[in-house]
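J.: Line by line, the protein sequences give chains A and B. Just so we're aligned, residue 1 is where the first sequence starts under the numbering used here, counting upward by one. Just so we're aligned, residue 1001 is where the second sequence starts under the numbering used here, counting upward by one.
Please keep in mind that the hints were generated in silico from the structure rather than gathered at the bench. Incorrect hints may appear among the rest.
Taking lysine-lysine and the BS3-like style, the derived pairs with C-alpha atoms no more than 27 Å apart in a straight line are [said to hold, decoys possible]:
no. : chain 1 : residue 1 : chain 2 : residue 2
1   : A       : LYS403    : B       : LYS1097
2   : A       : LYS28     : A       : LYS158
3   : B       : LYS1097   : A       : LYS402
4   : A       : LYS403    : B       : LYS1006
5   : B       : LYS1117   : B       : LYS1052
6   : B       : LYS1052   : A       : LYS402
7   : B       : LYS1116   : B       : LYS1097
8   : B       : LYS1009   : A       : LYS403
9   : A       : LYS402    : B       : LYS1009
10  : B       : LYS1052   : A       : LYS403
11  : A       : LYS402    : B       : LYS1231
12  : B       : LYS1097   : B       : LYS1117
13  : B       : LYS1087   : A       : LYS403
14  : A       : LYS402    : B       : LYS1006
15  : A       : LYS402    : B       : LYS1002
16  : B       : LYS1097   : A       : LYS54
17  : B       : LYS1116   : A       : LYS402
18  : A       : LYS402    : B       : LYS1117
For clarity, every value in this text was computed on a predicted model and none was experimentally measured.
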Amino acid sequence: MDRRDALAKMFSAKGVRVDTNRGEAYYKRLRETMERRLSELRNAPAATKMDIHKVLEAEGLSRRDFMKWASAITAMLMLPAPFTPLVAEAAELMNRVPVIWIELQDCAGNSEAILRSDAPTIDELILETIDLEFNETLMAAAGHQAESHLDEAMETFKGKYLCVVEGSVPVGAGKEWCTIGAKGETFEEHLQRVAGSAAAVVAVGTCATFGGVPAAAPNPTGAVGVQDIVKGKPIINIPACPANPANITGTILHFVLTGQIPELDHLNRPKFAFGYRIHDNCERRAHFDAGEFVEEWGDEGAQNNWCLYKMGCKGPMTFNNCSIVRYNSGTNWPIGAGHGCIGCSEPQFWDKYAQERPMADTEFKAPTGGVEKSVDQFGLGLLTAAGIGIAVHAAISATAGKKDEE
Amino acid sequence: MKPGYKRVKRMTAFMRINHWVVAICMVAAVATGLYIGHPYYQTLIAEPAVDKYVMAWNRWIHLMAAIIFDVSSVVIAYLYFFSRFEKPYKKLLPTPKNIREFIAVFVNLITFNRVKKFDSSHSDSFNTVYFFIFHLMLVWMLLTGLQLYVQGLESGHSSIGDWWPAMLHLVTDWTIPFTGGTNMDVRISHHTTMYFIIVWVMFHIYYQVWRTIFWQEGDIAIVFGGSKFVKEK
């Protein structure tokens, strides 16, 4: 083997390659599952008159754009290219999967991220065509009318609908202040009722997944995430603030395609979206390795797109696909815009990630009590105390100590 | 050798080599670890197209020091029970004899050597407990450090095979809920423990020098030549 072959072998060693190819047999089985599922859906009645092709036409997007999008989503879901027609078909059948979208303690930012784009992407348009049975923000109905509609939808699609939840659930003192509907249900009761007869629960945004901003210290409402409340149901967490529409679409598409939930990590996040750190696919990663950091906003480094680690970027500890998928129609993302990652897709991000300090300068509660000190301040205090202790002992030893006789 | 003194062996050659390897690794790990947590100097190469790899080299040294540390810890853990020279676990058991010795050595320290009621020729219980605390902190650094490291092996593959990240997840994932539930808590714990280790080292060096001065038995020589001197009775 010559040197060139040896190098080629070294860099294509099995151990350093991501296994996106699971073998013929696996994909054959998967294709059969999907085809069975899609034919079932095709024969089911469409719940809405919304047709993706009409929506796309109205927005001036061609069939070609749609197929380009389908192949991109196929890649995002880590499926081989021949699955593209299935993904496209699933997108067309999205109007056959009923979705009940409830809002709890939140800012509706996840809905806004999807709805409020001046140039909506196909990801966002797809979500317009889903069979959205209930959504407090969008629906015209109110009061008893809305409530009876919810009851009807839950009865009709019992065990078949996806329950999408946005916002955290207050369970602490004062949870009675958060009620919904004409009957004055608390958020917890509301969630339990709607999630109870759903096929699966999709928690969208960091509030719904981990409590998010409402759960930040001192957490006055005792806010928790959906997974802390709903038991015995498959739960898919799609955190981030706001959750990326591409990831919401990807998850729902996966459900449409297979009738199952995607592969999840230890925090119930889909692995296709949250399997990798921001840091590992960051466009500024080379500057991190080179030790080239932005020292203050607007300095020479900032103008040269250097690494934002010293400005508090939490990319090395945050699992999300922003660095690949980006936001706002793939326009940009926080690090691309010159601000570090605040770790919004991680639990307790507001308390532990979202500050403009490097990791070592993180504020934390010192063991000495309620005073917040950074790790280094605390450490220097500890070293000083130890130094003083040693100095005192040495001084007394020197003056009052007794040396053994030689 | 002075008449009336005899030489006692206290550390084998391996123990001494291990001590200095660990000492060098610790200095390297602290210097590079502080840089990784908060890069405290800048890359002073203005040329854009130069292979400056400052953070990467810092991480390389940190991880190398760590892995040498880890292997040394495994060996030391083995020696705790199976050393043919001295089995440290025997001094850790809370037997009445060990407790008496521990208190006697501690009293010696706080009375500035005015009271000395124990045999200082062998490794005493107080010292062994003190080293045991160090080894516990090292194990904690090993577990949290490997947890932080495995976060970068998301694909589940590594250059030495899939077993490595799989094993690291199995052995270290519990440190996340244990420290508070986020990756940040593991990092904070890793960083804070460093300061406790530095404090440990400060007292360790001071105490060995203090013993040398006040006991007059050449304790500091143990780590260089392997032996100290005690008065013959």
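J.: Hint by hint, say whether it matches the structure.
T.: Each hint tested on the structure:
Proximity of LYS403 (chain A) to LYS1097 (chain B) is assessed by CA-CA distance (about 26 Å); at most 27 Å being required, the pair is judged to hold. The suggested pairing of LYS28 (chain A) with LYS158 (chain A) is violated, with an alpha-carbon distance near 31 Å, which exceeds 27 Å. At most 27 Å may separate the alpha-carbon atoms for a hinted pair to count; LYS1097 (chain B) and LYS402 (chain A) meet this at roughly 26 Å. For the hint linking LYS403 (chain A) to LYS1006 (chain B), the alpha-carbon distance of about 19 Å falls within 27 Å, and the restraint holds.
Between LYS1117 (chain B) and LYS1052 (chain B), the direct Cα distance comes to roughly 59 Å. Violation of the 27 Å bound is thereby established for this hinted pair. For the hint linking LYS1052 (chain B) to LYS402 (chain A), the alpha-carbon distance of about 56 Å lies beyond 27 Å, and the restraint is violated. Pair hint LYS1116 (chain B) plus LYS1097 (chain B) holds up; C-alpha atoms about 16 Å apart against a cutoff of 27 Å. A hinted pair counts as satisfied when its Cα atoms are at most 27 Å apart, and LYS1009 (chain B) with LYS403 (chain A) qualifies at roughly 23 Å.
Under the criterion of a C-alpha separation no larger than 27 Å, the hint pairing LYS402 (chain A) with LYS1009 (chain B) is consistent with the structure, at around 26 Å. Distance check on the hinted pair: LYS1052 (chain B) and LYS403 (chain A) sit about 54 Å apart at the alpha-carbon level, beyond 27 Å; violated. At most 27 Å may separate the alpha-carbon atoms for a hinted pair to count; LYS402 (chain A) and LYS1231 (chain B) meet this at roughly 17 Å. Between LYS1097 (chain B) and LYS1117 (chain B), the direct Cα distance comes to roughly 13 Å. Compliance with the 27 Å bound is thereby established for this hinted pair.
Taken as a hint, the LYS1087 (chain B) and LYS403 (chain A) pair is broken in the structure, with Cα atoms around 30 Å apart against an allowance of 27 Å. Of the supplied pair hints, the one linking LYS402 (chain A) and LYS1006 (chain B) holds, its CA atoms being roughly 22 Å apart against a limit of 27 Å. Using a Cα cut-off of 27 Å, the hinted pair LYS402 (chain A) and LYS1002 (chain B) holds, with the two alpha carbons roughly 21 Å apart. For the proposed pair LYS1097 (chain B) and LYS54 (chain A), the alpha carbon gap of about 88 Å is over 27 Å, so the pair is violated.
About 10 Å separates the Cα atoms of LYS1116 (chain B) and LYS402 (chain A), which keeps this hinted pair within 27 Å; it holds. Proximity of LYS402 (chain A) to LYS1117 (chain B) is assessed by CA-CA distance (about 14 Å); at most 27 Å being required, the pair is judged to hold.
Of the numbered hints given earlier, the model fails hints 2, 5, 6, 10, 13, 16; all others are met.
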